[in-house]
Amino acid sequence: MLSSVASGILNTVLITVSSFIIGSVLALPLVAARVSRYAALRTIAALVIDSLRAIPPIVLLFIIYYGIAQGYLRLSAYDSGVACLSLVSAGFMAEVFRSSLRAISKGQREAARALGLGRIQVVMSVVSPQAARIAVPSGAAWAIGLLKDSSVVSLVGVQDVTFRAFTEAQSGSSGTLPFIYAGGIYLLLSVPIGLLARYTGAKLAKGVRW
Amino acid sequence: MHPTHRPDERRYGVTDVIDPGQVPLVELRNVSKRFGKVTVVEDVSLQVAPGQVVSIIGPSGAGKSTLLRCINFLAPIDSGEVLIAGKQACPSYRPGRHPKSRETMAVRRRVGMVFQGFELFPHISVVDNIVLAQVKVLGRSRKQSLDRARELLAGMGLANKEKAYPGQCSGGQQQRVAIARALALDPEVMLFDEPTSALDPELGAEVLAVMKRLAEDGMTMIIVTHEMAFAMKVSDKVVVMADGSVIEEGAPDAVFANPSHPRTAKFLSAVLDR
Chain A
-14 MLSSVASGIL NTVLITVSSF IIGSVLALPL VAARVSRYAA LRTIAALVID SLRAIPPIVL
46 LFIIYYGIAQ GYLRLSAYDS GVACLSLVSA GFMAEVFRSS LRAISKGQRE AARALGLGRI
106 QVVMSVVSPQ AARIAVPSGA AWAIGLLKDS SVVSLVGVQD VTFRAFTEAQ SGSSGTLPFI
166 YAGGIYLLLS VPIGLLARYT GAKLAKGVRW
Chain B
16 MHPTHRPDER RYGVTDVIDP GQVPLVELRN VSKRFGKVTV VEDVSLQVAP GQVVSIIGPS
76 GAGKSTLLRC INFLAPIDSG EVLIAGKQAC PSYRPGRHPK SRETMAVRRR VGMVFQGFEL
136 FPHISVVDNI VLAQVKVLGR SRKQSLDRAR ELLAGMGLAN KEKAYPGQCS GGQQQRVAIA
196 RALALDPEVM LFDEPTSALD PELGAEVLAV MKRLAEDGMT MIIVTHEMAF AMKVSDKVVV
256 MADGSVIEEG APDAVFANPS HPRTAKFLSA VLDR
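Protein chains in written order, with the numbering used here: chain A, -14 to 195; chain B, 16 to 289.
Treat the hints loosely; a few may be bogus.
[Claimed, not checked] Label pairs and their computed distance ranges (CB to CB):
#, chain 1, residue 1, chain 2, residue 2, range
1, B, 102, A, 25, 35 to 43 Å
2, B, 58, A, 179, 58 to 66 Å
3, B, 150, A, -9, 47 to 55 Å
4, A, 184, B, 53, 42 to 50 Å
5, A, 10, B, 287, 55 to 63 Å
6, A, 28, B, 231, 49 to 57 Å
7, B, 166, A, 114, 22 to 30 Å
Rather than coming from a laboratory, the hints here were simulated on the basis of the structure.
Cβ coordinates follow ideal geometry from the N, Cα and C atoms, glycine included.
With these hints in hand, go ahead and build the complete structure from the sequences.
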């Protein structure tokens, strides 16, 4: 029974990791627009980010899977799940990046500009490396949240840990045990992410680079 | 370009008398700067000759730091002109617009700045702080930049701090690194924005010693400071600001011993007679 539930791990991990990566990449242009010097861009970005964060993942998933994916775009359940969770991640990671950028004092930017660095150089050499370090702990916290949220894909038939637990509970002898196994698996998967968050957070507090 | 100064020449402020044929290295003409509705700098004109050391003093909120930032366009001016060596610092700049990056970068290449809060980059080592802009801005090789950084660090008595991170250095050490970081770009003029205000007196003295040596070596310097003894000893000219305007300027001994403006007298008695 455990092995049956555990067979969903690969899908759970793949969906979480790919959504996190795609979401983080999508978050970059979003956050760039969000802190742009043009008010219109800032407003649009704020709207997009807030919408992505406000819509429950399950609702977004149904919109994508039953709405868009049934039409022109042929998306499998798995792809719909990744698309949904990537979008949600983009909204959250954009906020994570934005608050990390805000944590870099204005003085740092000014010092960089006073040295004659161009706007892109200021961002690339001075602001982003510092902001990225600050983003790691809250990014890791989001990754743990995403790992749990990835269970929504079971509702459109992706065979992840939750889906396996569900089918096992319906067909097997116990209705509870498979879910306890599933819970244990999610817990174990989140431990390394949590450790990474702790480790980097502690380094950060000491002001040491890693 | 830099005239050599004898110490006694400085003390009597002889260099304050600008040769009429000499072009000021930095010149502000009727500069004003507003933040919203508040006018922080109002109609300030100022000339700084090559090799001159000018101290700007005055009460908090007088606009001293803002004036300094107007020179390198960290605070783009709302009216007036900023000239470097007789030429418009940012020729295409129009108040209310963002100055062109290319032009501000060119200004900042010639004008170094040191901040009250040091503002070293905490994620890279001391030596990399000094190397960064040499490579990115001047296009020097890393090898050349390292050599220059090490030479400057040695001159500051910080050779052993090369690989340390800023967070592992004292405030006085960090500020000296910040000075080295600016000097590495071979600026023609250095701006100091209250460089010792965040330091206790002993650490501040290390920084002042470095600045004094720099002045003796002929560097053109504009210093916003509350260190009156330093302003007295090292500067050729003292500029007193209050409420956004320059209310008095002259040789330090004249200004300190015989202030002509009652506001200056009030300020000086507040800081000197404590």
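These are the hints, each one checked on the structure:
At roughly 36 Å, the beta-carbon separation of residue 102 of chain B and residue 25 of chain A lies within the given 35 to 43 Å, and the hint holds. Look at residue 58 of chain B against residue 179 of chain A: about 60 Å separates their beta carbons, and that is inside 58 to 66 Å. In this structure the hint that residue 150 of chain B and residue -9 of chain A lie 47 to 55 Å apart at CB holds, the actual value being about 51 Å. Look at residue 184 of chain A against residue 53 of chain B: about 46 Å separates their beta carbons, and that is inside 42 to 50 Å.
Checked against the hint of 55 to 63 Å, the C-beta distance between residue 10 of chain A and residue 287 of chain B comes to roughly 60 Å, which is consistent with it. Residue 28 of chain A and residue 231 of chain B have their C-beta atoms about 55 Å apart, which keeps the hinted 49 to 57 Å range intact. Look at residue 166 of chain B against residue 114 of chain A: about 26 Å separates their beta carbons, and that is inside 22 to 30 Å.
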